[in-house]
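K.L.:
Each chain, letter by letter, is given below.
There are 2 protein chains.
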Amino acid sequence: MGICSVPLEKSYRLLNHGPTVMVSAKNDYIVDVMAASWVCVLDIFPAKVTAVLDKKSFTRQLIEQSQKFAIQIPIAKQAEQVIKVGTQSYTDNSDKLTDSHIELFYQDNFDVPLVKGCAAWLICRLIPEQSNQQNYDLFIGEVIGAWADDRMFDRGHWKFDQLSDEMKTLHYIAGNQFYITGKGLIARD
Amino acid sequence: MGICSVPLEKSYRLLNHGPTVMVSAKNDYIVDVMAASWVCVLDIFPAKVTAVLDKKSFTRQLIEQSQKFAIQIPIAKQAEQVIKVGTQSYTDNSDKLTDSHIELFYQDNFDVPLVKGCAAWLICRLIPEQSNQQNYDLFIGEVIGAWADDRMFDRGHWKFDQLSDEMKTLHYIAGNQFYITGKGLIARD
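Line by line, the protein sequences give chains A and B.
Residue numbers for the first sequence follow our numbering, so the first one is 1 and each next one is one higher.
Residue numbers for the second sequence follow our numbering, so the first one is 1001 and each next one is one higher.
The hints are simulated quantities; they were obtained by calculation from the structure and are not laboratory data.
Backbone N, C-alpha and C fix where the C-beta goes; we use that ideal spot for every residue, glycine too.
It is possible that part of the hints are untrue.
[Stated by the list, open to error] Footprint (simulated), chain A over chain B, 3 or more residues, beta carbon under 8 Å: (1) 1035-1042; (2) 1078-1088; (3) 1106-1117.
[Said to hold, decoys possible] Below, a sample of chain B positions facing chain A; criterion: calculated Cβ distance under 10 Å: (4) Leu1008; (5) Arg1013; (6) Gly1018; (7) Tyr1029; (8) Thr1050; (9) Phe1058; (10) Glu1129; (11) Asn1132; (12) Gln1133; (13) Asp1137; (14) Gly1156; (15) His1157; (16) Lys1168; (17) His1171; (18) Ile1173.
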């Protein structure tokens, strides 16, 4: 088992199935992590994503300051963590990450915090678009690094059909309710 | 069984779990349907969505002309239809919809074609944003009507845990490969 680099032009496959994600960012020594369902692929290459980040979110401020953020794809085992970082704000509780049992790590040459235990991670450079950010809370990022836990995603493919339920990714509905990713299906041509 | 109206402020729940969708539009008497994975909630109320629509897509032209489109959420039984409308273009084959066994219907007072057999439908009014459309192929729509098949979504909630696999929604990866929506999971607070 290991965390392996994912080619940037394959990184859209990490998000294509619409999983719930956690968004993280850092400015100086302040780190925050939030939950987000409204993160979506925008382009394959150069790989780009959109993320909707509410004006009340402290993580958004860190992204505006540092111009960088990470998107990580949690697994079912982390559902409680996702709810915790999604319902608490750093503004009210600066111990939010500790209280949510979030452990961070870094990839070499990238000063953006990543959450341990996820299935995959994408580090993005903000492409500033003030009108989208102010009018729609819509942020655009270019993916500049991508990695996956090779137990879940290997050589460009998810391995959900070989995984226990707690290792599958999450799809958020509302409240505390998710669905996990289900069975594979190959359509006929 | 019936197709029921979904309150607009609950319509985000139809897309929140990240399903693959089909996008449809009509101008004069020309109708087209395409597959799309990059459709995402942008706001809860007024309900808004983003959709990435390639410049080569004929459906995109119809949307630019009519300023309206529909997003529908197909079920696993329709996977072959999704691949067919996603790989053929109306430009090359004006019988694309017939060849893909797509049947259309309309809701009263909305002149936007909807695909039969889906789990849910959202009709959107384009919010024109030329810079996003030209630079990023990114379209923003305001949801002005939403409906669901009450076997799959009823009173604000998906019912996947009570459905057979072929009635669950689809999450696209690449090629002909999807995952269907899996088991429900309620996180602890």
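K.L.:
Each of the hints needs a verdict: does it hold here or not?
P.N.:
Outcome of the hint check:
1. Under the rule that three or more residues need a Cβ within less than 8 Å of chain A, the assignment of the segment 1035-1042 of chain B holds, with 6 such residues.
2. Check result for the segment 1078-1088 of chain B against chain A: holds, 4 residues qualifying (beta carbon to beta carbon below 8 Å, three or more required).
3. For the segment 1106-1117 of chain B, the assignment as covered by chain A is violated, since 0 residues bring a beta-carbon within under 8 Å of that chain's beta-carbons and 3 are needed.
4. A distance limit of 10 Å between C-beta atoms decides the matter here; for leucine 1008 (chain B) the minimum to chain A is near 15 Å, and the interface restraint is violated.
5. Taken as an interface hint, arginine 1013 (chain B) checks out: its beta carbon lies about 6 Å from the nearest beta carbon of chain A, inside 10 Å.
6. At about 1 Å, the closest approach between the beta carbon of glycine 1018 (chain B) and any beta carbon in chain A falls short of 10 Å, and the interface hint on this residue holds.
7. The criterion of a C-beta within 10 Å of any C-beta in chain A is not met by tyrosine 1029 (chain B), whose closest approach is roughly 30 Å, and the hint is violated.
8. Nearest Cβ of chain A to the Cβ of threonine 1050 (chain B): about 6 Å, under the 10 Å cut. The hint holds.
9. Violation of the interface hint for phenylalanine 1058 (chain B) is found here, the shortest Cβ-Cβ separation to chain A being roughly 20 Å, above the 10 Å cut-off.
10. Satisfaction of the interface hint for glutamate 1129 (chain B) is found here, the shortest Cβ-Cβ separation to chain A being roughly 8 Å, below the 10 Å cut-off.
11. Checking asparagine 1132 (chain B) against chain A: minimum C-beta separation of about 7 Å stays under 10 Å; hint holds.
12. Using the Cβ-Cβ criterion of 10 Å, the hint placing glutamine 1133 (chain B) at the interface with chain A is not satisfied: the shortest such distance is roughly 12 Å.
13. About 8 Å separates the beta-carbon of aspartate 1137 (chain B) from the nearest beta-carbon of chain A, less than 10 Å, and the hint is met.
14. The closest approach between the C-beta of glycine 1156 (chain B) and any C-beta of chain A is roughly 8 Å, which is under the 10 Å cut-off, so the hint is satisfied.
15. Interface restraint check for histidine 1157 (chain B): the shortest CB-CB distance to chain A comes to about 8 Å, inside 10 Å, so the restraint holds.
16. The restraint placing lysine 1168 (chain B) at the interface with chain A holds, with a minimum CB-CB distance near 7 Å, inside the 10 Å limit.
17. Because the closest C-beta pair between histidine 1171 (chain B) and chain A is about 4 Å apart, less than 10 Å, the hint holds.
18. About 6 Å separates the beta-carbon of isoleucine 1173 (chain B) from the nearest beta-carbon of chain A, less than 10 Å, and the hint is met.
The structure is inconsistent with the numbered hints 3, 4, 7, 9, 12, although it conforms to all the rest.
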